Each structure stands twice: as C-alpha cells, then as structure tokens.
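**Student:** In order, the protein sequence lines correspond to chains A and B. Take 1 as the starting number for the first sequence in my numbering and just add one per residue. Take 1 as the starting number for the second sequence in my numbering and just add one per residue.
Hints were generated in silico from the structure; no laboratory data involved. None of these values were measured; they are calculated from a predicted model. Some hints could be false.
To be verified - With a straight-line cut-off of 27 Å between C-alpha atoms, the simulated DSS-like cross-links for lysine-lysine are: (1) K150/B x K69/A; (2) K170/B x K140/B; (3) K170/B x K150/B; (4) K262/A x K140/B; (5) K134/B x K170/B; (6) K206/A x K170/B; (7) K206/A x K134/B; (8) K134/B x K69/A.
Chain residues, written in single-letter form:
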Amino acid sequence: MSPTQVLSKITTGALGFPSRMIEFFRTPASPIPFITLRIGLALVLLSRAFVEFDVLLDLYGNNGLIPWKISELGPVGWVPSMSWLSHQLGYLGITENGSVYVVFAFYGIALIGMLVGFQTRISSIVAWLAHLTLFESASFSSYGVDSFVNIALFYCAIMPQAALVPLHQLFFKGKLERTIRVGILLRVIQIHMCVVYFTSGIQKAKGAEWWNGEAIWRSVMQPQFYVFDMSWLANFPLVATAASIGTLVIEIGYLFFIWPRKTRHIWLAAIVSMHLAIAIILGLRFFGMVLIVLNLAAFGSDLFSLAVARVGRFRLLHGKAVPDQASASVRT
Amino acid sequence: MSRPTNSNLLRFISSLQLRRENLVSCFVTCHLILVICGALNFAPWIGDGILSKVIVLYTDVTGARYSYGFFAPNVPNQALAVVTTENEAGETNVEVFGAGTREIDHRITTMMSFFTVVDTDNLHAASLAEYGFKQHPNAKRVTVSLRCYKIPSLEAYRQGERPRADEYYKGVYGRMSDDELKEEP
Chain A
1 MSPTQVLSKI TTGALGFPSR MIEFFRTPAS PIPFITLRIG LALVLLSRAF
51 VEFDVLLDLY GNNGLIPWKI SELGPVGWVP SMSWLSHQLG YLGITENGSV
101 YVVFAFYGIA LIGMLVGFQT RISSIVAWLA HLTLFESASF SSYGVDSFVN
151 IALFYCAIMP QAALVPLHQL FFKGKLERTI RVGILLRVIQ IHMCVVYFTS
201 GIQKAKGAEW WNGEAIWRSV MQPQFYVFDM SWLANFPLVA TAASIGTLVI
251 EIGYLFFIWP RKTRHIWLAA IVSMHLAIAI ILGLRFFGMV LIVLNLAAFG
301 SDLFSLAVAR VGRFRLLHGK AVPDQASASV RT
Chain B
1 MSRPTNSNLL RFISSLQLRR ENLVSCFVTC HLILVICGAL NFAPWIGDGI
51 LSKVIVLYTD VTGARYSYGF FAPNVPNQAL AVVTTENEAG ETNVEVFGAG
101 TREIDHRITT MMSFFTVVDT DNLHAASLAE YGFKQHPNAK RVTVSLRCYK
151 IPSLEAYRQG ERPRADEYYK GVYGRMSDDE LKEEP
C-alpha cells in the first residue's frame, strides 16, 4: 500500500470514528443483562443480609464498633444518616437499635421486591437508598464490596422498563425486544467494568510486589484472608509469581479482549475464575459474587441467550410441537 | 383525509423518542466521564459552588467517584487489635479483632486500616475500649493493644522467618466516675 493510500485509510477511519462511536452506543440490546444484574445482585445481597443479621448492631448501630458520631464525619450529601433517621424515628417511639432494624427491614424487603419483580423500580431505588444509609453509618468499615454494590444498585435503579419484568413471567415472556435505549445503558455498564479493571491493573502494575509474586503471598498470609494454609507457596514461588502476573494480564487485558467475540468468552471465564479464586481462597465471598454478577450482566448475555435457546430447544423436543427439521430428525 | 394527521402524529412520536434517546445519550456520556475521572482520582470540580456540590453529591451516590486501587501498588500490612477487659475480681477476657475470616472480620480489618492510614491510633483504641466497656458492663479496665502483622518475604520465609504482630500502640482505659461524667461537656 502506498503512503497516500495509508494516509487516506487513516483519514477515512478517523473521519468515520464519530459515526462508528454513535453506532457503538446505539446498538439495540436485549434487557437480559439488566434482568441478570437485578436478580443476581438481589440473591447475593439477600445472602449477605442473612449473614450480617446477627452482627447488625455491631456493624451499623450507635453502640457498635464505631459510634455514629465518628462514622458519620463525612456525610453523603442528602442521603439520610442513621443518626438523623434514628432521631426522626424516635418521635414514633423507636429506639436507636430499632431504627437500624427498620432500615435493614426496608433494605431486605426491597431486595426481595427486586428479586421477584414486585414494584421493581421502587424496590431498586429503596434498596439503593437503604444501602447508602447503612453504608454511610458504617463508612469506616465499608470495603470494596460496598462500593460495587452501590454502583450495581444505581444501575438497577435506572434499569430500562423492559428489565422490570416479574420473575414468574420471565420464562413465559417470549422474545424480549431489543431496543436502542437498553443498548445505550448496557454500554455504560460495559465501559464502567473496563474502566474498573484497566485502572485497577495499571495501579497494581506500578508495585514491584505484583511482578515477583509477593503480592499474592502477602495477601494469602494475612490473618483476615487465612482461609487455607497457603504457606506452601514459599516453596513454590513461581506459582505466586504466575498468579500475580496473571492477575495483571487479566485486569489490564480486559479492556482489549472482552470486546471481540473471539476472545470475549475466554476473558469472561478468566475474570470469573479470578473472582471465584478470590471468593474461595481469600474468603471474600460477597465481593467475588458481586463482581461475577456484574461481569455476567455486562458481557455474559450471549451465554444466557445460548442457554435459553438450548433449554427452549430441549423443551420443544420433548413437548408437543417440533418446529424445525433438526429437532424432527432427532425425534425419529 | 386522515393520512396526513396520522403521519404528523407518527413524526411527533418519533421526534419525542429521538429526543429521549438523545437525553439518555447525553446523561450516560456525562456519567462515564465522571466514572473515568473518579477512577483516575481526578476531580477538578471540587470547590464551593453549587455545581461543584451537585457533582460531588452525584458521584457519591452513584459510585462514580470511586477509584479501584485495591491492594495497589502494594499489599499493606494488616492491623490487629487485642482488647483485654478486666473486672473488679481481676478476671480478664481477651478478644482479638482482625484475626478471623468472617464477613464481619473483613469489616473490622477495613475499619482498623482506615485508622492506621489517617494516623489516629488514640481514636481507634478509644473506640475499641468503648466497645469493650459496652460488651462487658462489669469491666473496670480495658487494655487495647494495636499491632501490625508483618509478613516476611517468600525468601525470608524459606529461611525460617515467620510472621509476627508488632505492637505499635497501647492504651489502658478505665471508667469515668460520676463526677467526671458530670464535668464532661
């Protein structure tokens, strides 16, 4: 190719870039990713609520590990703090501890609403606000999982109308319509996930520990993550090095390899495996599960469509009607 | 005669849809810009103006302000707290915070690491002491020992060095008398 032709190709590409970007954002999409996000997130958060119930007052109460006067030093805008709510509920005769249970009850009921698809939009918004209130009252003890839950609940609160379908109607709904608006919102979640992993990977890559395996070693040897005895890693340092460099590759490569169809499933499997490993080996179960749900919602929808199509085909083979030739040949 | 009216109506509806889609596109573009800025710890809008407050509020409640430097660039040492309560009879009860792997232990460890980062060990210890007194109403004295759990390198571990918890702060707390409580502002 001559230099003129190369230049012409680059210019055409550059000039066409804005229209391709618009086309990228305005690709119609099915609401399945948002349904996945809504149901998956509700299940994970309900499990977590069940686990936290016993230590609710320790985590969120004024007489818990951190009193409200300290944990609410940095208020989150207009979101009501636990101390303010408790003061208001006090007029109804509800104690400080009672107000924690009230907020938590609203949170739990809203999550159930999200799961089953009852008043889904309102349930999602209530769950999001309740999480923010609890999050603020326990801000000192909130870690990565709370940040991602906040992000995911926000996306559930603004999810498209088509994703609000009740659970009992989901499998009888028929084909879900693909719309541009759903496509635009889906791109937001996808790009957000790319930003998360790329910046996380780049920041890790700046540390020498992530290149020589020490980061993995120091993580698994900390008391808070000591689920299994991983001291054997000291005798197999290459395993730790491979794990830490593998983490960098998966996170930084996410931005580039999650988009092409040929590499999407591989990268999705890699990132899900990484989060499963975090959940099992480090004991960060809820963190791992929330990130798996976000990834499956963002980039796993074609896997679900495949699964649904296969289930549908199975049902057709063993049901009354056999619609296509392939099914008919198996039947005979 | 009805056809021109129907086509005007269709045009109006499709223009509304287009306007709505354009609004959604505008919103998501702004949101993504804030997400990218948050991830890069870049917040030039922080100030005293109303617009600044609105953006800060939006990024707080939507999570757009978060950065994602977990265990980056290096994995920090973990803090542990040993809280010993002693009653009038001299009986003691020891509770270690940060040593477990349950969900609440992750939260406790996060809380302790926050105090370590902002260098408020006295506040940290006092909070734990207050918790100790609430859990054990008969306690006369609470001792809080804050420790840093240091992990040797892979090579050092092979050479025989083992993790240890070095104490970096110790506070002994007693209950205030009724007179002292009355004097408290």
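**Student:** Each hint should be assessed against the structure and marked as holding or not.
**Tutor:** Hints, verified against the model:
Our distance criterion of 27 Å between C-alpha atoms is broken by K150/B and K69/A, whose separation comes to about 32 Å. Annotation: proposed proximity of K170/B to K140/B holds, straight-line Cα distance about 17 Å (limit 27 Å). The suggested pairing of K170/B with K150/B holds, with an alpha-carbon distance near 18 Å, which does not exceed 27 Å. The hinted pair formed by K262/A and K140/B fails the criterion: a straight-line CA distance of about 67 Å is larger than 27 Å.
At most 27 Å may separate the alpha-carbon atoms for a hinted pair to count; K134/B and K170/B meet this at roughly 19 Å. With a C-alpha separation of about 34 Å, the suggested pair K206/A and K170/B falls outside the 27 Å cut-off, and the hint is violated. For a cut-off of 27 Å, the pair hint linking K206/A to K134/B is broken: about 44 Å separates their Cα positions. Only pairs whose Cα atoms come within 27 Å are accepted, and K134/B paired with K69/A is accepted, the gap being roughly 16 Å.
The structure fails to meet hints 1, 4, 6, 7 from the earlier list, while all remaining hints are met.
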